[in-house]
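Peer 1: For reference, the chains in residue letters:
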Amino acid sequence: MSKKILAMLSVMFVMVFLISACTPTPVEEPTEEAVVEEEVEEVEAEETEEEVAEVVPVEISYWHTMSDPETEKLDELIAVFEAANPGIKVAPTRFAYSDFKAAILTGLAGGSAPDTARMDIAWVPEFADQGALKQLDGVLEGFDEIAAAVFPGPLSTNFWNGAYYGLPQNTNTQVLLWHKDTFDAAGIAVPTTMDEFAAAACALTEGETRYGYALGGTYFWAPAPIFYAMGGKVVDDAITTAEGYTNGPESVAAFTMLTDLFNEGCISPNLLGGGVGTADGHATGFYSMIIDGPWMVDIYAGNYPDFETNFALIPTGADGTTSSVVGGEDVVVFETTENTEQALVWVSFLMSEEAQKMLAEVGVMPTLAHLTGDASMPAHFEIFMEQLETAQARVPHPKWGEMDGAINNAFQRMLRGDQTVQEALDQAALEIDALLAE
Amino acid sequence: MITIKNKTNQSVQAALFLLPGFILFLTFIVGPMIYSFRISFFDWNIIFPEKSTWVGFANYLEAIRDPIFRKAVLNNAVYTLVTVPGQMIFGLLVALLLNQQIRGKAAFRVIFYLPVITSWVIVSLLFEYMFSGQAGLINYLLRDVLHIIDQNILWLADPVLAFIPIHLLGIWKGVGWTAVIFLAGLQAIPIQLFEAALVDGANRLQQFRYITLPMIRQTTIYLVVVLTAGALNAYISNLLLTNGGDPLDQTHFILTLMYEETFGNLEFGYGSAISYLLTIIVFIISVIQIRLLRNQEQV
Amino acid sequence: MGNHRKNLLSKSLTYFLLLAGTVVVLLPFWYMLITSMKPQAYIFELPPRLWPSEVSLINYQKALQTDQFGLYFMNSLFVAVLTTASTLFVSSLMAYAFARLKFRGKEVLFYFLLSGMMVPPVMLIIPQFIVAKFLDLPDKFLGLILVYITMNLSMQTFLLRGYFEGLPKEVEEAALVDGASRWLIFWKIVLPLSRPGLAVVTIFTFLFAWEEFPWANVAIKETTKRTLPIAIALFQSQHLTEWGQVFAASIMGIIPVVIVFAVFQKYFIRGISTSGLKG
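Residue numbers (my numbering), protein chains in the order written: chain A, 8 to 445; chain B, -5 to 293; chain C, 48 to 326.
Rather than coming from a laboratory, the hints here were simulated on the basis of the structure. Ideal Cβ placement from N, Cα and C applies to all residues, glycine included. Any given hint might turn out to be false.
A partial selection of chain C residues facing chain B, derived with a Cβ cut-off under 8 Å [said to hold, decoys possible]: (1) Gln115; (2) Ser138; (3) Leu160.
Bound conformation, chain A alone (with noise of 0.2 Å):
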């Protein structure tokens, strides 16, 4: 009797496993490793079989987050690369970027990381602190040519203890944007001084139907470029220190005018949570000034077909200069991988020039600095990289996340007004240090 329920049950479980095997995708392609393994069998069995090696590609893994449009053009890009190297393959994965770190992190975990990845700049330190990722200088074949030719600012992100961790794929700044009919019916002209910015936003103002100025967040990002622009520092050249430098006075300079807007009313509240959205609010009016990335002309391109964007420099500081933040992402080649050559020869791809230029049409900004005023590039792309000449990097270092926080709760509270200006960044200061002796 048992002997029977045994074999009904085997067979069940079996078929279990078996129905789900088949999966709707029809072509059951050849796994990773399955590749590589066919691939070494026939590197040894090379004089014999020599035609059968061309048909088996190695496959590399790339992940990112790009955006739909970004996406469509990164499968050109690929079959680009993979017409000019027939025996190497791409195989690309989207992410929304909120959950990008965790699928990396638990690849890197289970042993399945990615080949190569294009990561947030600010998390390269991260990644290579925690021994992720390949260092590419002295390994990648050309990378002196490649690290002279881009930006230093987008480059400086790759580098963490003595090594370059990375190349700048793309990069990006913030600069100003401002709603042109409510500039021109209040008769006023673009702020190029903090001075002018500052007394344009309250002119813009009429209390809570209209504000001058918003803010995504009280993450730094958001005030960041502000900050540069008046000469704030989060830490010394050398990070050791944040001490004079968090809670320095331009620092304090920078934070205390935008908490002084905000309290006169002249900065929006949703910068503190749950308001309208930056740029949903700058399209309709509701915000005359936000600052943003390139990213915006798509995006108005695709919601707000009617909208006509308009960009300035930010705001010079006291010293009459201009600055703001560097974004952009990294490519970077895993440790783990089992396909140095290839995803390295992918990565040099990837620098390119032609492959820059495709990824400019839809709105990505190239690292390559002599591509700055080249004909093929959008003509939004002209302020970015006029901006990007003085925009600085965020701390380039692995614990940058909780650096971030710190600031984020200290301009909270300052807001709030649970702490002045100066008593909240000295807070911040000390928990920066504490990270750094870390």
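Position chains B and C relative to chain A; hints supplied.
Peer 2: Using the frame of chain A, we list chains B and C on its own:
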């Protein structure tokens, strides 16, 4: 002799019936739990586990001393104390209403169950949108329609007020489920009891107090256990509405903090320790509640 | 006469309360529906409208066009259906053993299994992935399905055990005397009698598999094998949430679950009232 043989036979049969399930259970729950337990005693290196350093109970001690963790525990406790009774009271009310001879019973049942079968992600986004501080529906209704407030409220910007949408969401989403379970309990009450009470001249309130409530006691206790565990494990609504802890790390739930430490700050050992503390809390509370359930059974 | 009026009053109150509840429950859904028909420019219009100024299906078109929405939908359906079927099978097997067979350590094993209900699933993701990798499951639907079955096992076994215990024993005992095997009894007698209980499991499990996000996010990297919740997450870009598209996609995503619930709901209450859920 026969019974012994029968029993061995049954044990073999039981093993076969249990085998597939327990293979899965051991592989995907027990194994990972042990792994996670081990991690919680290390400063864990996720890529090179062999490079991890043993830290003993340091992660646990750090959590207990961490004011943000304590605040998260408090937030979970308040959430539990608000949403569990909230879901139960409204759920029972709906169940009592639906347990009558009324038209459109099936339609009401589907309607009240709609929030239950909608994913947490979707309803959280929906509440975030409705509770927008500047152009949200809720502020509009409160200010311009009902005239209860004279100024927009920035719900999600306030460490205390942010819990209003989170709590309301918890109750709104759970009422349908609670109602269905109560309804099942109500339908299991023998109708004769009410008939007898009617003969004795008991009014509705008395019937409810002396028949309905005692008869659904088991259901009630079951709901308390399950809803409490659910409330302590809540995190998606919080993750989406306040990014976990915004503002000022004041609105964390235990699991959003765990998520941030693990996937945001790469503190895997610390994250595991936090999850284990939560598991222990849930376990202790459940055991206490199940004890209550058992005692009731004996009575 | 007075009694009649009292009845009428109580009926009216019942309907009034139910309708009030309906408004509270449906208002957010209504708002989601009309938002899904708005272009982005009207997303934060002031004052917010409860009646759309213009109805446009552009968000639905966009959602359907982007990134193989249809494929993800089918993937989700495939995974959810198989998860549900397998969970029904595996957990009813276990539940039958716990409900009807005598063996040593039954109570201990049962509570051991129930402890699975107390574990927060997010804490297990990384170790689960390591196990899945060891079994060569990443990027396979099987990897999703096996984990989904497991996450449901404790709850559904508990529920079905209660249901099976409530079934009359006489038929089974008669069959046993006639020499029927346990398997035959389980398959031919117990399962057919348990439709309401199985309906409850179906609804719970299908819903779980349909909306699960964190595991699907890490376990599936191949774009063509992703599930719907991942696709919906991709609508929220870093810089702007396209609320209309998110809600349009969400509404389309709710439909299968509503269908499953509508089909099985007539068994639902009966299933619960006779299952382990009644306590």
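Peer 1: Do the numbers back the hint for Ser138(C), that is, is its least Cβ distance to chain B under 8 Å?
Peer 2: Ser138(C) check passes; min Cβ-Cβ to chain B is 7 Å, inside 8 Å.
Peer 1: For the hint on Leu160(C), just tell me whether its beta-carbon gets within less than 8 Å of chain B.
Peer 2: holds (6 Å)
Peer 1: Double-check Gln115(C) for me: the hint is only fine if its C-beta lies closer than 8 Å to a C-beta in chain B.
Peer 2: Since the shortest Cβ distance to chain B is 20 Å, the answer is violated.
In summary, the structure is inconsistent with hint 1 from the numbered list given earlier, while agreeing with all the others.
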